[in-house]
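Mapping to my numbering: the sequence shown position 132 is 520, numbers consecutive.
Just to be clear, a hint being listed does not mean it is correct.
As the list claims (entries may be wrong) - Below, computed lysine-lysine pairings styled on DSS-like, alpha-carbon distance capped at 25 Å:
hint: 1; residue 1: Lys507; residue 2: Lys720
hint: 2; residue 1: Lys652; residue 2: Lys556
hint: 3; residue 1: Lys690; residue 2: Lys507
hint: 4; residue 1: Lys408; residue 2: Lys423
hint: 5; residue 1: Lys439; residue 2: Lys511
hint: 6; residue 1: Lys427; residue 2: Lys404
hint: 7; residue 1: Lys456; residue 2: Lys663
hint: 8; residue 1: Lys511; residue 2: Lys537
hint: 9; residue 1: Lys652; residue 2: Lys608
hint: 10; residue 1: Lys408; residue 2: Lys461
hint: 11; residue 1: Lys740; residue 2: Lys652
hint: 12; residue 1: Lys427; residue 2: Lys461
hint: 13; residue 1: Lys608; residue 2: Lys423
hint: 14; residue 1: Lys439; residue 2: Lys427
hint: 15; residue 1: Lys408; residue 2: Lys456
hint: 16; residue 1: Lys608; residue 2: Lys396
hint: 17; residue 1: Lys507; residue 2: Lys427
hint: 18; residue 1: Lys404; residue 2: Lys456
hint: 19; residue 1: Lys735; residue 2: Lys720
hint: 20; residue 1: Lys461; residue 2: Lys396
hint: 21; residue 1: Lys556; residue 2: Lys396
Derived by calculation from the structure, the hints in this document are not laboratory data.
Note that the coordinates shown come from a computational prediction; the quantities given were computed from them, not determined experimentally.
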Amino acid sequence: MIPFVDLKYIHQPLLKEFQKVQETCLSQSDFVTGKMVAKFEENFAHYCETKFCIGVSSGTAALFLTLKALGVKEGDEVIVPAHTFIATCMAVSQCGATPVFIDADNQTWNITSENIAAKISDKTKAIIVVHIYGNPVDIAPIITEARKKSIPVIEDAAQAHGAWYQNKKIGSLADVACFSFYPSKNLGALGEGGAVVTDNENLAQKISQWRDYGRSDKYKHEFIGYNMRLQAIQAGFLSIKLPHLDQWNTERRRLMDIYQNELKDSGIIFQSVSKDAVPVYHLGVIQTDFREQIIQRFTEQKIGFGVHYPIACHQQPAYLEFHQLSLPVSEKLSQTVISLPLFVGLKDEQVKEVCEVLQRD
């Protein structure tokens with residue numbers, strides 16, 4: 389049996405440190421925001437090469453609060469990729485705005501400046517780029533295009549903790565970036581969590597207020613905000629794991645190198661790495677016209693797998709009004725991608741076994 393993901397390999401060596409965090413939270417009665425959150429915010433901002441970090445309750449909350457702080461509202465449009473997890477576009481809808489779905493590039497599976505430029509309108513209030521599967525978007529031309537019309541660019545970096553683009557950390561490239569710390573992420577909490585990073589002090593202050601009831605003082609509330617704060621215990625766990633992130637990402641790249649080398653003559657398609665980028669492979673995704681056969685083989689051989697994502701966002705039941713859109717690359721990806729086992733602790737011989745099963749006649 390080869391699991392799709394197994395987190396015990398990164399968690400077991402850190403158990404004593406996790407227990408200390410729990411004891412500190414209990415002894416200091418520090419449970420929501422507080423010193424642990426402030427310390428993690430400082431550490432993660434430094435890691436992302438940004439000035440500010442605001443810890444929030446989830447990656448979805450990070451996107452939603454960022455859009456609210458940018459003033460996105462009903463009647464506005466926000467450009468989003470169609471090939472992503474549903475949270476990206478749902479955050480837009482939760483603000484009352486309309487997601488404008490963009491097709492993916494056939495090779496990188498990311499959105500491109502050319503596809504975005506064709507969809508910018510007078511209603512466009514933001515552009516969200518997703519570094520899908522941990523592969524950085526070629527974002528420089530997108531930012532150039534957005535600057536011409538003073539449109540803010542948001543990095544959805546939920547799958548790209550520690551990735552690089554043009555010698556800069558993901559999170560430091562656009563106006564603001566949003567991270568998820570869902571447990572299976574490259575940097576995962578032991579529960580839900582998220583963060584926003586930015587160099588914009590005004591934006592950081594707004595997001596900090598939006599996450600905390602719109603307050604400027606304990607009982608003074610400037611506007612109607614939300615309760616979307618990061619729990620102290622999760623911030624403590626994340627602070628323990630953060631120093632290990634680069635090492636874990638290096639191991640993910642090494643394992644993907646084995647997959648790519650073993651399958652180089654198989655006809656299986658891998659995601660092309662964006663120009664000037666260093667990916668972190670949150671997921672090890674391949675594209676194949678024989679997905680159902682592979683799923684059957686994996687099931688028989690007790691090999692774990694995932695499908696990210698089987699329904700393009702514009703074809704989801706929640707977005708019935710967009711079903712008439714034709715976004716052929718995103719639609720094909722939804723029908724042909726499959727995610728292979730990829731986690732720190734996966735053995736080389738297990739990777740080779742997966743490859744052997746993939747190539748059976």
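Here is how each hint holds up against the structure:
1. Using a Cα cut-off of 25 Å, the hinted pair Lys507 and Lys720 holds, with the two alpha carbons roughly 21 Å apart.
2. Distance hint between Lys652 and Lys556 is unfulfilled; the C-alpha atoms sit about 30 Å from each other, more than 25 Å.
3. Taking the CA atoms of Lys690 and Lys507, the gap is about 44 Å. The hint is violated against a cut of 25 Å.
4. A hinted pair counts as satisfied when its Cα atoms are at most 25 Å apart, and Lys408 with Lys423 qualifies at roughly 15 Å.
5. Of the pairs offered as hints, the one joining Lys439 and Lys511 is violated, with about 30 Å between alpha carbons and a cut-off of 25 Å exceeded.
6. Using a Cα cut-off of 25 Å, the hinted pair Lys427 and Lys404 holds, with the two alpha carbons roughly 19 Å apart.
7. Restraint check: the Cα-Cα separation between Lys456 and Lys663 comes to about 32 Å, which exceeds 25 Å; the hinted pair is violated.
8. Straight-line distance between C-alpha atoms of Lys511 and Lys537 comes to about 11 Å, which keeps the hinted pair within the 25 Å bound.
9. Restraint check: the Cα-Cα separation between Lys652 and Lys608 comes to about 61 Å, which exceeds 25 Å; the hinted pair is violated.
10. A C-alpha spacing of about 43 Å is found between Lys408 and Lys461, which places the hinted pair above 25 Å, so the restraint is violated.
11. Taking the CA atoms of Lys740 and Lys652, the gap is about 13 Å. The hint holds against a cut of 25 Å.
12. With a CA separation close to 33 Å, the supplied pair Lys427 and Lys461 exceeds the 25 Å bound.
13. Distance hint between Lys608 and Lys423 is fulfilled; the C-alpha atoms sit about 21 Å from each other, no more than 25 Å.
14. Restraint check for Lys439 and Lys427: the C-alpha separation of about 14 Å stays at or below 25 Å, so the hint holds.
15. Taken as a hint, the Lys408 and Lys456 pair is broken in the structure, with Cα atoms around 36 Å apart against an allowance of 25 Å.
16. Among the hinted pairs, Lys608 with Lys396 is inconsistent with the structure: their alpha-carbon atoms are about 44 Å apart, more than 25 Å.
17. At roughly 40 Å between alpha-carbon atoms, Lys507 and Lys427 are farther apart than 25 Å, so this suggested pair is violated.
18. About 39 Å separates the Cα atoms of Lys404 and Lys456, which puts this hinted pair outside 25 Å; it is violated.
19. As the CA atoms of Lys735 and Lys720 are separated by approximately 31 Å, the hinted pair breaks the 25 Å bound.
20. A distance of roughly 42 Å separates the Cα atoms of Lys461 and Lys396; the hinted pair therefore is violated under the 25 Å criterion.
21. Between Lys556 and Lys396 the CA atoms are separated by roughly 31 Å; this puts the pair beyond 25 Å, and the hint is violated.
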